[in-house]
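Each chain sits in its own coordinate frame; assemble them with the hints.
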Amino acid sequence: MLKKILITLSLITISSSVLAYEYKIGKLEIDHLYIRVTTGTNVSAGFMTIENEGDQPDKLLSVTNVSFAKQVEIHETTMDNNVMKMRPLNQGLTIPAKSKVQLKPGSYHIMFMGLTEPIVKDKKYKASLNFEQSGSITIEFDAEEAKGYYQEKHKH
Amino acid sequence: MNTFSRSIIYYIIVPIIVLLILFIVSIFIGSQNKTFQNTNAKDIIITSDFELYDQDNKKVTKADILGSPSVLFFGFTYCPDVCPTTLQSLSVLIGQLGKGSKQLKFYFISVDPERDTPEALKQYLNSFHPAIKALTGDPKQLDVLIKSYSIYAKKVPLENNNYTMDHTSSLILIDKNTNLVGTITYDENIDVALAKLKNLY
Ligand SMILES: [Cu+2]
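Those protein sequence lines, which keep their order, are chains A and B.
Residue numbers 609 to 764, in our numbering, belong to the letters of the first sequence in order.
Residue numbers 31 to 231, in our numbering, belong to the letters of the second sequence in order.
Bound conformation, chain B alone (with noise of 0.2 Å):
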C-alpha cells in the first residue's frame, strides 16, 4: 500500500466509519429512550368527563387530573394485603421524591364504591403520605377511568355474602394530558420505581 491510500484510509474512511457509528448509536439510543418515555403510550388517555368525589366528598372531574401528571392506585379498603403493602409502598417513594413529588398527584382510585364511602376512605388514608387522594362515586363515573386505562376489576364472592376484589394491582403513571406513560408493578425494584416517577416531571 502507498502512503497516499493509506492516508486516505486514516484520514477519511476511519473517521466516517467512526461517525457512521457514533450515528448509529445515537439514533438506537435515542429511540431507547423515547419509547422508555413513551412506554405504551398509544393515545391511552381518559376518554371522557366523570364526576367523582374526594376523601371530603369534594367533586373531582377530568379538569383536575389535568395539568400534572399523576399516579393512579386502583384498589378497595377492604384489601387486607396488596393494597395497604402498596399504598405503603407509594409512601415510601413519595418521601423519597422529597419536593419533587409536589409536582405530582396521587390518587387511590376505589373499585369497591359499595363500600368505599368517601369517610371509609379519609380513614383509610390516615395511614398512608397525605399526598394520596382517594376517588369513589359511582361506579358508572368510576368505570370511565377504570376503561381508560383497561384496569381489571371483577368483584368475587367468599362465603357468608362477603366478597372481594381481583384488580389491577400496579400503579399507573399518566402525564399532564392524561397520557399512560408507564407502571410500576407491585415488586418493582425501589430505584427503576423512583426513576419511572421522577420521568414524569
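Extracted from the complex, chain A is given alone in its bound form (with noise of 0.2 Å):
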C-alpha cells in the first residue's frame, strides 16, 4: 500500500516535472529558477534551465531590470585541470536549436554583483531576460540555500 502511494507520488513528481515549465517566451521554456542566499557578501548567482523547441538557435543576450543588483553579467564556470575559473560571456549564452542549456553550479550562472539587498530565503527576486531571436520575458528567482555537488547531482 505504501510502495503503492509511493510509486504514485513520484510518477506525479516526475511527470509534473517534465510536463511543467514556468515561464514560456516564443519556443523558449524557461525552468527551475533560484538565487542563491547570501551569506554576508555582496555576490550571489542564479541558475535555472532554458529549453529551446524551436529549429532556430536562440541566444540569452543580458539580464536587465535587476533591482537588487548593480552589476549583471553571463557567466561561466570552467575546470581547467581542478582550477576553478569564472568568465564573463561577453557574447551572451546560445541555447541550440532542439536542445536545452542547464544554468547550474560548476558552468553557466548569471551572476549578481554590488548586492544592494542580501538575498534571504522565501523571497522572490525580478528580473528581465533578453533573448536574441524570442525577446524579453520578465521572471522570477526563488531564493535558496548552496546545495552540495551530491545533493545537486541527484536533484530533480
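Simulated from the structure, these hints should not be mistaken for laboratory data.
Think of the CB as a built atom: it goes at the ideal place given N, C-alpha and C, for glycine as much as any other residue.
Within a straight-line C-alpha distance of at most 30 Å, the following computed DSS-like cross-link-like pairs (lysine-lysine) qualify:
{"hint": "1", "chain 1": "B", "residue 1": "K163", "chain 2": "A", "residue 2": "K755"}
{"hint": "2", "chain 1": "B", "residue 1": "K184", "chain 2": "A", "residue 2": "K678"}
{"hint": "3", "chain 1": "A", "residue 1": "K693", "chain 2": "B", "residue 2": "K152"}
{"hint": "4", "chain 1": "A", "residue 1": "K693", "chain 2": "B", "residue 2": "K226"}
{"hint": "5", "chain 1": "B", "residue 1": "K206", "chain 2": "B", "residue 2": "K170"}
{"hint": "6", "chain 1": "B", "residue 1": "K152", "chain 2": "B", "residue 2": "K163"}
{"hint": "7", "chain 1": "B", "residue 1": "K135", "chain 2": "A", "residue 2": "K693"}
{"hint": "8", "chain 1": "A", "residue 1": "K755", "chain 2": "B", "residue 2": "K228"}
{"hint": "9", "chain 1": "A", "residue 1": "K755", "chain 2": "B", "residue 2": "K132"}
{"hint": "10", "chain 1": "A", "residue 1": "K693", "chain 2": "B", "residue 2": "K177"}
{"hint": "11", "chain 1": "B", "residue 1": "K184", "chain 2": "B", "residue 2": "K92"}
{"hint": "12", "chain 1": "A", "residue 1": "K755", "chain 2": "A", "residue 2": "K667"}
Chain B regions said to be covered by chain A (calculated; three or more residues, Cβ under 8 Å):
{"hint": "13", "region": "100-110"}
{"hint": "14", "region": "118-124"}
{"hint": "15", "region": "188-199"}
{"hint": "16", "region": "203-217"}
Following this line, the structure appears as C-alpha cells:
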C-alpha cells in the first residue's frame, strides 16, 4: 500500500517536472529558476534551465531590470586541471535548436554583483531575460541555500 | 610419466607455483595500497611556520595544524558557485563520517584576504558544517600554505573594478605531519571521497 502511494507520488513528481515549465517565450521554456541565498557577501548567482524547442538557435544576451544588484553578467565556470575559472560570456549564452541548456553550479550562471540587499530565503527576485530571437521576458527567481555537489546531482 | 615424477609435480612443484603466485599478488596489492595512501606524497608539507587568523580572529599557526590530519579547501567568499557547492559537499561528507570526523580538522583557507576578513568568514561559515574553520590574514602568510601545496590562485579582473579568483578547487588531504596524502576533486564520487577521508585517520 505504502509502496503504491510512493510510486504514484513519484510518478506525479516526475511527470509534473517533465511537463510543467514556469515561463515560455517564443520557442523557449524556462524552468528551475533559483538564486543563491547570500551569507554576508554582496554577490550571488542565479540558475535555471532553458529549453529551446524551435529549430533555430537563440541566445541569452543579457539580464536587466534587476533592482537588487548593481551589475549583472552571464558567467561560465570551467574546471581547468582542477582549477576553477569564472569568466563573463560577453557574446551571450547560445541556446542551440532543439536542446536544453542548464545554468547550474560548475557550469553557467547569472552573476549578480554589488547586491544592494541580501538575498534571503523565501523571497522572490525579479529580472528580465533578453534573448536575441525570442525577445524579453520578466522572470522571478526563488531564493535557495547552497546545495552540495551530491545534493545537486540527485536533485530533479 | 611414472608415479614418482607425477607426485613430485603434485606435491612440490604445484604448491611452489601457487605460493609464488600468492607472493607476487600480495606484493602487488601491498604496493598498490602504499601508493593509494601516499598519493603524491613526496614530502609535500607546510614548509615554514605561519601566522594566520580564524573566523573568530584567533591566531592559528603551523603548530595548530600539526597533530591531527586535516582537510584544506582554498577558496573565497565572493565565489558564488563552486566554493559554496564544495563547502556544502564537505558538510555532507562530515555528516556522513559521524564521530570519525572529530579526528580530522577542516579549514577553508582564503585566497582573497582583501575581502575575506575574519568577520566576513564568520558570517559565511554559518551556512556550513560547524566543524569547518576558516583561515585568513596577511597575503604573505597565506602564501606559505598556498605555495606548500602548489595551490593555483590568481586574481582576474571583471568589469567595474570587480574581480574574481581562479583557484584550485580540490580538497587537499594532509596527515598529522602536514604531508600531502591526497585530494578530492569537485566532482568526486561520494563513496570514493568518504573512503579517502576515512583513510586519513
Ligand atoms: Cu560568476
